[in-house]
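> These two chains come separately, so use the hints to put the complex back together.
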Amino acid sequence: MTGYVARKLILLVPLLLGITFITFLLTKALPGEPVYSMVGERASPETIDKLRKEIGSDKGTISQYAGYLNLILHGELGRSYYTNRKVSEEIMIKLPNTMKLAAGAMFIAVPVGILLGFLSAVRKNRFADRLISVLSIAGLSVPVFWSGLMLMLFFSLYLKWLPPSGTGDIRYMVLPAVTLALPSVSSFARITRTAVLETGLMPFVRTATAKGISKTRIYAVHIMKNALLPVVTVVGLDLGSYLNGAVLTETIFGWDGMGRFIMEGIIKRDYPVIMGCIITGTIVFVLINLVVDIAYSFIDPRVRINGTDR
Amino acid sequence: MGLTGKLSAAVIIMVFIASLFSPVLVPYDPNSIDLDQIKHPPSAQHLLGTDNKGRDILSRTLQGGKISIGISVLAVLISMSAGLTIGLVSGYFGGKTDTVFMSFVDLVLAFPALLLAIGISVLFPPGVLTVVIALSAVGWASFARLIRGNVLSLRESVFLDAAKAIGCSNARVLFIHVLPQCFPLAFAMAGLKLGGYILTEAALSFLGLGVQPPDASWGSMISTGRVFIRSAPWMVFPPGLMIAVTALCFNLLGDALRDKYDPARTGHY
Chain V
1 MTGYVARKLI
11 LLVPLLLGIT
21 FITFLLTKAL
31 PGEPVYSMVG
41 ERASPETIDK
51 LRKEIGSDKG
61 TISQYAGYLN
71 LILHGELGRS
81 YYTNRKVSEE
91 IMIKLPNTMK
101 LAAGAMFIAV
111 PVGILLGFLS
121 AVRKNRFADR
131 LISVLSIAGL
141 SVPVFWSGLM
151 LMLFFSLYLK
161 WLPPSGTGDI
171 RYMVLPAVTL
181 ALPSVSSFAR
191 ITRTAVLETG
201 LMPFVRTATA
211 KGISKTRIYA
221 VHIMKNALLP
231 VVTVVGLDLG
241 SYLNGAVLTE
251 TIFGWDGMGR
261 FIMEGIIKRD
271 YPVIMGCIIT
281 GTIVFVLINL
291 VVDIAYSFID
301 PRVRINGTDR
Chain A
1001 MGLTGKLSAA
1011 VIIMVFIASL
1021 FSPVLVPYDP
1031 NSIDLDQIKH
1041 PPSAQHLLGT
1051 DNKGRDILSR
1061 TLQGGKISIG
1071 ISVLAVLISM
1081 SAGLTIGLVS
1091 GYFGGKTDTV
1101 FMSFVDLVLA
1111 FPALLLAIGI
1121 SVLFPPGVLT
1131 VVIALSAVGW
1141 ASFARLIRGN
1151 VLSLRESVFL
1161 DAAKAIGCSN
1171 ARVLFIHVLP
1181 QCFPLAFAMA
1191 GLKLGGYILT
1201 EAALSFLGLG
1211 VQPPDASWGS
1221 MISTGRVFIR
1231 SAPWMVFPPG
1241 LMIAVTALCF
1251 NLLGDALRDK
1261 YDPARTGHY
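Going line by line, the protein sequences match chains V and A.
Residue 1 is where the first sequence starts when you use this note's numbering, and the numbers rise one by one after that.
Residue 1001 is where the second sequence starts when you use this note's numbering, and the numbers rise one by one after that.
Isolated chain A (complex conformation) (with noise of 0.2 Å):
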C-alpha cells in the first residue's frame, strides 16, 4: 500500500480516536445550551465558536463523528454480510439463483442511491436506525455483484477442483475456501462505502430525516448552520470539513486497498 493509503488510515484512525473519546475529550457538553452565548465566532472560550443555541461547536463536532462514523460502520458491516451472502451464492451456484439475484442487484443499483434512501428512510421514523437501514438497503447491491463476479472467476480455479476431488461439501468449499479469496476485495469496497456512507447520512440528516435534535451528527449541524448562513458562517464549516476529510481518507484508502488486491486492475494503474 502506497503513502496515500497509509496517510489516509492514520487520518482514519485520528479521527476515530478523537470521536471515540470525545466526551473525555472535549471541554463542554456538546448538547448543553448557553442561551448568554448565542452565535459567538471562534474565540479562546470556544475554540469554533458557538451555534444558534449557545453549544460549544467543537463539542458537538466531535460527537457528531461518533455518531456519523458509528452509522456508517454498523450499516457497511450489514451491507457487507448480505453482500457477500448473496454474492457467493449467486457465483457458486450459478443459474436461476443467479439469475433471481443478479436482476434484484440490478434493480437496486438502477436507482438513483440517494432517492431511494430517502424513500426508504421516509418508511420509518426519523432517527440513527433508520439511517443505518436505509444505508444498508441501498448498498448491499454493489458488494453482493462485485463479489459474484470473484467467485465466478474462483470458481474455474484448479485449487477448488482440487477441494472438491477429495470431496469437501458446498458448505466447506464455500466457507473454508472460497470465502476467505473474497475478503481483500471485500475490504477495499468497504473501504470506498463508508466514504460514500458518510456523504448519505449527511445527506440524509442534512433532509431532517436522519439523527434528530438534540443529538449532534455532521449533516445536522449543516442543516442548522444553514438557516444562520448570514449571521453565523462558521457553525458550517467544522462539520462539513470533518465530512470532506473523513470520506476523501476512506475513499483514498479503499482505493489503495482495490489496486494492491483487485487482480484484474493491477499493472496498468
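Bound conformation, chain V alone (with noise of 0.2 Å):
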C-alpha cells in the first residue's frame, strides 16, 4: 500500500511537468498582453519597456518557463500582476474557503442522493421509482447558475431568512451548498439505482435469499456493501470538481474560493494565478484519485492495493 502510494506520489512531477507546460504555451497564446492591462494604453513606451523587464515577459517563452520551475522549485508561485500578493498566500485563503462549501455540499448530497437511489431501486418500476428518476434527470437539467439565483431570491430577498452573498459562517454557506449540492443528488441517485439494482441480479444474493436471510438485510447489508463501489467513484470525481472550482455557484454567492479566483485570473490574463490555480487543482485531484482508490480497497477486499498487483 505504501508502494504504491509512493509511486502515485512520485507520478505527480511528470504530470504537473506536462501541465504547466501546456498551461504555459496556452497563456502566451491568449490575445493581448498583461502590461497594457496594468498600466493602461496610454502609458509611454518607456513604462512599459520597464514593466516588461520587471515581469520577465521581453525573455523568450523557453527561458520564462525555466524562470517559473525555478520559482516553484523554491516553493513559490509568483506574485499577481494586480494585487502584487502572493499567489501561494492567495491560495492559502481560497482553498480553505473551497473546502469548506465542498464539504457543505457533499454534507449534502451523499446522504440525499445515496437514500433516494436505494429508495428508487427498492420500488423499482413504481411510483417512488418514476418520481424520483425523472426528478434526478431534472436535477441535471437546471443551471446551477439559475437555481442559486431562484434560491437566493427565495429564501434571501423575499423571506429575509438567509444572506444572499458573501464569504463567512454556516448562513452564509447554506445557500451556495444546496446550489452545488443539488446536481450531484442526481448524478449520486441515479448511479446508486443502476448499481443496486445490478448487484441485485447477483448470485450471491440469490444464495442469501435461499439461506432464508431477511430482505432488509439483504438489502442494507449484502446489497448496499457491493453497490457502494461506483457510488464512491463519482462522489470521488465531483469533489474533484468542486475543489477545482466551484465557477458558477462561486460567482452568483460571492464566495471567496478558487472558483471565482480562476476565473478572475483568466479574464485579467493574470499568469500567475491561473498557473498557479491549475497547479493546485491538479494536485487536489490526484490526491482525491488517490484517497478514492484507497477507499476502494476498503469497501472491496477483492481490490487489493500493494507493490505487486498494480
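FYI, nobody ran anything at the bench for these hints, they're computed from the structure.
Heads up, some of the hints might be wrong.
Across the chosen pairs, the derived CB separations fall in these ranges [what the hints assert, rightly or not]:
(1) Leu1241/A <-> Arg7/V: 49 to 55 Å
(2) Leu1129/A <-> Thr2/V: 47 to 53 Å
(3) Thr1097/A <-> Arg7/V: 25 to 31 Å
(4) Ser1103/A <-> Val291/V: 21 to 27 Å
(5) Phe1183/A <-> Trp161/V: 21 to 27 Å
(6) Leu159/V <-> Gly1094/A: 55 to 61 Å
(7) Gln1045/A <-> Glu46/V: 55 to 61 Å
(8) Phe1021/A <-> Leu15/V: 46 to 52 Å
(9) Thr1099/A <-> Gly3/V: 23 to 29 Å
(10) Ser165/V <-> Gly1127/A: 25 to 31 Å
(11) Lys1039/A <-> Ile93/V: 44 to 50 Å
(12) Arg1230/A <-> Thr216/V: 46 to 52 Å
(13) Gly1095/A <-> Leu9/V: 43 to 49 Å
(14) Ala103/V <-> Thr1097/A: 38 to 44 Å
Reference listing, derived: stretches of chain V covered by chain A, where coverage requires no fewer than 3 residues with Cβ under 8 Å from a Cβ of chain A [unchecked claim]:
(15) 66 to 75
(16) 215 to 221
Over the 10 Å line for every Cβ pair with chain V, so calculated as not near, a few chain A residues [claimed, not checked]:
(17) Thr1004
(18) Val1011
(19) Met1014
(20) Leu1025
(21) Gln1045
(22) Asn1251
Keep in mind the model is a prediction, meaning the values are calculated, not measured.
Backbone N, C-alpha and C define an ideal beta-carbon position, used for all residues, glycine too.
And the structure:
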C-alpha cells in the first residue's frame, strides 16, 4: 500500500511538468498582453519596457518557463500582476473556503443522493421510482446559476432568512452548498439506483435469499456494500470538480474561493494566478483519486492495493 | 421508445419551431430599445415584461432560443463527427493508434468540463463561433470513447468476418458495415450531449465569454437579469425555465434512445 501511494505521488512530478508546460504555452497564446492591462494603453513606451523587464515578458518563452519552474522549486507561485500579492498566500486563503463549501455540499449530497437512489431501486418501476428518476434528470438539467438565483430570490430577498451573498459562517454557506449539491444529488441517486439493481442480479444475492436472510438485511448489508463502489467513484469525481472551483456557484454567491479566483485570473490574463490555480487543482485532483483508490480497497477486499498487484 | 421519450421529442420540436419562426411570431423586435418601458412587470402588452433597456422579454427569450439551440446543435454535429471518426479508427485498428487516441481522450475527460471550456473560449474573441469551438473541443471525447467500445465488440461479430472473407477492403468494412451500427448509440449520446451543451453554452454566456450583446442568448439574459434581481425578478424566470425544460427534454430523449439501442443496458433497466 505504501509503495502504491508513493508511486502515485512520484507520478505527480511528470504530470505537473506536462500540465504546467501546456498551460504556459496556452497562456502565451492568449490574445492581449498583461502589461497593457496593468498600466493602461496610454502609458509611455519607457514605462511599458520597464514593466516588461520587471515581469520578465521580454525574454523568450522557454527561459520564462525555466524561470517559473525555478520559482516553483523554491516553493513560490509568483505574484499576481494586479494585486502584487503572493499567489501561494492567496491560494492558502481561497482553498480552505472552497474546501468548506465542498464539504457542505457533500454533507447534503451524499446521504440524500444515496438514500433516494436506494429507495428508487427498491421500488423499481413503482410510482416512487418514476418520480425520483424524473426528478433526478430534472436536477441535472437545471443550470446551477439559475437554481442558485432562484434560491437566493426566495430565501434571501423574499423570506429574508439567509444572507444573499458573501463569505462567512454557516448562514452564508447554506445556499451555495445546496446549489452545488443539487446536480450531485441527482447523479448520486442515478448511479446508486443502477448499482443496486445490478448487484441485485448477482448469484450471491440469490444464495442469501435461499438461506432465508430477511429482505431488509439483504438490501441493507449484502447489496449496499457491493453497490457502493461505483458511487464512491462518482463522489470522488464530483468532489474533484468542486475543489477545482465551483466557478458558477462561487460567482453567484460571491464566495471567495478557487473558482472565482481562477475565473478572475483568466479574464484579467493574470498568468501567475492561472498557473497557480491549475497546479493546485492538479495536485488536489490526484490526491482525491488516490483517496478514492484507497477507499476501494476498504469497501471491497477484492480490490487489493499493494506493490505487486498493480 | 416510451411515452416520456415521445413527449420530450414533441416538446423539443415545439421549442425548435417557436425559435426558428421567432422573427414572425414575436410581437416586438428583440433588440429594439424602448427607454419609456424600462423594467415593466408582465402585462397584457408585454406578456413576460420588459428588461432593463425596455426590450420585450418574450421576444428575446424566443430569439435566445434560436441562438442557444443553434450553437448546441452545431457543436453536437462537430463533436459527433470527430468522435465517430476517432472512435471508429481507434476501435477498429487497435494497437498503438488506439493507445495514443485513448490516452488523449482520458486526458480531456479528466479535466472538469466547464473549466476546460472556459479555458478554450478565452483563447478566441468572445462570440457564437467561440462557444461552438469550446463545446466541440470538450465534447468529442465522450463520443470517441463510446463509439470505440461499440466497435471493439462489433469487431468480434461474425458478419465482419464474413465481410472480410469475401474480400471487402478496410474502408468498405468500416464505412458500410461498422459505421451504420454505431449510429443509434451516437444519436442517443447526441441527445444527452445536447442537454449538456445547452447548459454549458448558457454558463459560458452567463460568464460573459459567449454570445455578446445586443444578441440575446438564454445564458446572457440570466446574466443581465441577475444584476436587477431585486428590482425586476421577472427578468431571470423565462430564460432559466427554457434552459431547464429544453435540457430536461434532451436528457430524457437521450435516455430513452439509449435504453432502446444500447444492448448492454437493456433488460434490467
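> Indicate, hint by hint, whether the structure satisfies it.
To see whether the hints hold, each was checked on the structure:
Between Leu1241/A and Arg7/V, the C-beta spacing of about 50 Å keeps the proposed range 49 to 55 Å intact. Here the CB-CB span from Leu1129/A to Thr2/V is close to 51 Å, well matched to the stated 47 to 53 Å. A beta carbon spacing of about 28 Å between Thr1097/A and Arg7/V agrees with the range 25 to 31 Å that was offered as a hint. Look at Ser1103/A against Val291/V: about 23 Å separates their beta carbons, and that is inside 21 to 27 Å.
Between Phe1183/A and Trp161/V the beta carbon distance is about 51 Å. The supplied range of 21 to 27 Å is therefore violated. Checked against the hint of 55 to 61 Å, the pair Leu159/V and Gly1094/A passes, with Cβ atoms roughly 60 Å apart. In this structure, Gln1045/A and Glu46/V meet the distance hint of 55 to 61 Å, their C-beta atoms being roughly 59 Å apart. Take Phe1021/A and Leu15/V: their Cβ atoms lie about 51 Å apart, and the range 46 to 52 Å holds.
For Thr1099/A and Gly3/V, the Cβ-Cβ distance of about 25 Å falls inside the hinted range of 23 to 29 Å, so the restraint holds. Judged by the Cβ atoms, the range 25 to 31 Å given for Ser165/V and Gly1127/A holds: they are separated by roughly 29 Å. For Lys1039/A and Ile93/V, the Cβ-Cβ distance of about 38 Å falls outside the hinted range of 44 to 50 Å, so the restraint is violated. For Arg1230/A paired with Thr216/V, a C-beta distance near 51 Å keeps the hint of 46 to 52 Å intact.
Separated by about 31 Å at the C-beta atoms, Gly1095/A and Leu9/V break the suggested range of 43 to 49 Å. For Ala103/V and Thr1097/A, the hinted distance range of 38 to 44 Å is satisfied, since their beta carbons lie about 43 Å from each other. Look at the stretch 66 to 75 of chain V against chain A: 0 of its residues bring a Cβ nearer than 8 Å to a Cβ of that chain, fewer than three, so the hint is violated. Counting residues of the stretch 215 to 221 of chain V whose CB lies closer than 8 Å to any CB of chain A gives 0, which falls below the minimum of 3, so the coverage claim is violated.
A beta-carbon of chain V is positioned within 10 Å of the beta-carbon of Thr1004/A; the least distance is around 8 Å. Every CB of chain V is more than 10 Å from the CB of Val1011/A (nearest about 12 Å), matching its label as outside the interface. With a minimum CB-CB distance of about 17 Å to chain V, Met1014/A clears the 10 Å threshold, and the non-interface call stands. In this structure Leu1025/A is separated from chain V by more than 10 Å, as the shortest Cβ-Cβ distance comes to about 24 Å.
The Cβ of Gln1045/A sits about 25 Å from the closest Cβ of chain V, beyond the 10 Å cut-off, so the non-interface label holds. Here Asn1251/A does not stay apart from chain V, with its beta-carbon only about 5 Å from theirs, under the 10 Å limit.
When each numbered hint is compared with the structure, violations occur for hints 5, 11, 13, 15, 16, 17, 22.
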